[in-house]
Amino acid sequence: MTTDGSQTQVPAIEVRDLRKSFGELEVLKGFDFHVNEGEVVCVIGPSGSGKSTLLRCVNRLEEPTSGQILIEGEDITDVDADVDALRSRIGMVFQSFNLFPHLSVLRNLTIAQRRVRRRSKAEAHEVARSNLERVGLLDKIDAYPSHLSGGQQQRVAIARALSMDPDMMLFDEPTSALDPELVGEVLAVMRDLATEGMTMMVVTHEMGFAQEVGDRVVFMDDGAVVEEGPPEQVLGDPQHERTRRFLKMVR
Amino acid sequence: MSASTAKPASTAKPGARRPRRLTKRQQQRLVRGVLYVVFVAGLVGLVLLADWETTRRNFFNVELARTMFPEVLTIAARNTILYTFLAFSFGLTFGLLLALMRLSSIAPYRWLATIYIETFRGLPALLTIFLVGIGIPIAFGTRWPTLVTITLGLGIVAAAYMAETIRAGIEGVPKGQMEAARSLGMSYTRAMISIIIPQGFRIIIPPLTNELGLLIKDTSLLFVIGTTPATKELLKFGRDLLNINANATPLIVVGVVYLMITVPLTQLVRVLERRNARSR
Chain A
0 MTTDGSQTQV PAIEVRDLRK SFGELEVLKG FDFHVNEGEV VCVIGPSGSG
50 KSTLLRCVNR LEEPTSGQIL IEGEDITDVD ADVDALRSRI GMVFQSFNLF
100 PHLSVLRNLT IAQRRVRRRS KAEAHEVARS NLERVGLLDK IDAYPSHLSG
150 GQQQRVAIAR ALSMDPDMML FDEPTSALDP ELVGEVLAVM RDLATEGMTM
200 MVVTHEMGFA QEVGDRVVFM DDGAVVEEGP PEQVLGDPQH ERTRRFLKMV
250 R
Chain B
0 MSASTAKPAS TAKPGARRPR RLTKRQQQRL VRGVLYVVFV AGLVGLVLLA
50 DWETTRRNFF NVELARTMFP EVLTIAARNT ILYTFLAFSF GLTFGLLLAL
100 MRLSSIAPYR WLATIYIETF RGLPALLTIF LVGIGIPIAF GTRWPTLVTI
150 TLGLGIVAAA YMAETIRAGI EGVPKGQMEA ARSLGMSYTR AMISIIIPQG
200 FRIIIPPLTN ELGLLIKDTS LLFVIGTTPA TKELLKFGRD LLNINANATP
250 LIVVGVVYLM ITVPLTQLVR VLERRNARSR
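Those protein sequences? They're chains A and B, same order as listed.
Heads up, the first sequence is in numbering that gives the first Met the number 0, so the first residue is 0 and it goes up one at a time.
Heads up, the second sequence is in numbering that gives the first Met the number 0, so the first residue is 0 and it goes up one at a time.
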């Protein structure tokens, strides 16, 4: 019923026949994909399958070679699209955190609010504090990124993205660079976000997270969707040989 | 501890036929001892052999040195610092512009910056100073104010060197920093100003201070464009007194003043580097 209801709406992210080549190498081979509002979609697949490239095309960190990407119905591959305004509505979390090392945690969270959103200092601080509280790191507000553990850095990175009040969040293998014992705290924050109804597109190797939190799982290989569906189906009863082989390897 | 265990082992068999060799520790001690002896011998030799009276009269003439004050500080050192500051400010500003041009996506800007940088790094600094200080005034019949001539004469070359340093700094900032800034909605320019350039400059503080040190010494080349008593920098000041008095003391005094400027500078770099290391 939820599927029927949301399909009448405009999808948060819609990708139509997306192709991306790096020189001779075609990484995405005519990709069709969508994420509905409030939906959590986990993208899984072997490394080199184009998962990260797909994610990076969605906020145009990579320029698509051809095809269309619509964010809330607006074509962002249009030459006239305001990419900066678009990106400020899409939160992005990187595998390598990419916090700004020369700025304190607070400034990491406020700089784009101030410079892009033009918020007042007081308002930006208020938003920063509430988002740090959300990820459980309010006590680190004056720390510098280098003094934080990997897990804490990634939580700050999530809080930084949230401080822009994004309509949706993209996660590019957010736990792959973490020591195993730090993965849990980041996934917990992401789980909370999903529960609050955030639209999320998550490229991940964490099958447990995809199973538990994902509304839909997309398995991709060699630049195209192999199969997609509810996690129970894709992860529990995969229809394709390639999916089965992949799942056997990661489990 | 290892030495104390090694020693009994090597002396355990006093009757062994192999010639007794020094332990590693003993060898090191011997080498150090020899080095100390060489040092003391050199020092004693210097004290005994040098012509101290002549040296004192020609290099450390206190009366002559005294006549240099306060002008050596109020005019000469002041001018050296002022010229350095002007050339460095110009070099840094113009160098940053050149660095950004070299990184530009617009090809003609890249070419222009590359040609400029290669040209002025490849020429002797003196040639540029002659060109700005003498060549241009002759050609166009106009003289710029002295400070402008000096700023350009030194700054044009400094900018070329600093552009390469700054470019290296900007390129040394991980790519993810630009991506993170852009993904937050910052424009390329905004990301450069707030995120990339501040980090780039942290990386290049040591080499940039090196440039500053070189520039301080390069101000000594400015005498070629002619000076008045009020515009003399340190070396010219010292050299004139050397000629008048036929005595090298002014050079020693000027040398000490140079060191009073450059040594604190290198110390400052060390402090900055340490502070950087902490916030990284």
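Keep in mind that a hint or two might mislead.
Computed footprint of chain A on chain B, listed as stretches where at least three residues anywhere in the stretch have a Cβ under 8 Å from a Cβ of chain A [as the list claims (entries may be wrong)]: (1) 22-28; (2) 166-180; (3) 183-193.
The set of hints was computed from the structure by calculation and includes no laboratory data.
For each residue, glycine too, the CB sits at the ideal point set by N, CA and C.
Checked hints:
Counting residues of the region 22-28 of chain B whose CB falls under 8 Å from any CB of chain A gives 0; the rule of at least 3 is not met. With a threshold of 8 Å between beta carbons, the proposed coverage of the region 166-180 of chain B by chain A holds, since 6 of its residues qualify and at least three are required. For the region 183-193 of chain B, the stated coverage by chain A is satisfied: 6 residues place a CB nearer than 8 Å to a CB of that chain, which reaches the threshold of 3.
Against the hints set out earlier in the document, a violation occurs for number 1 only.
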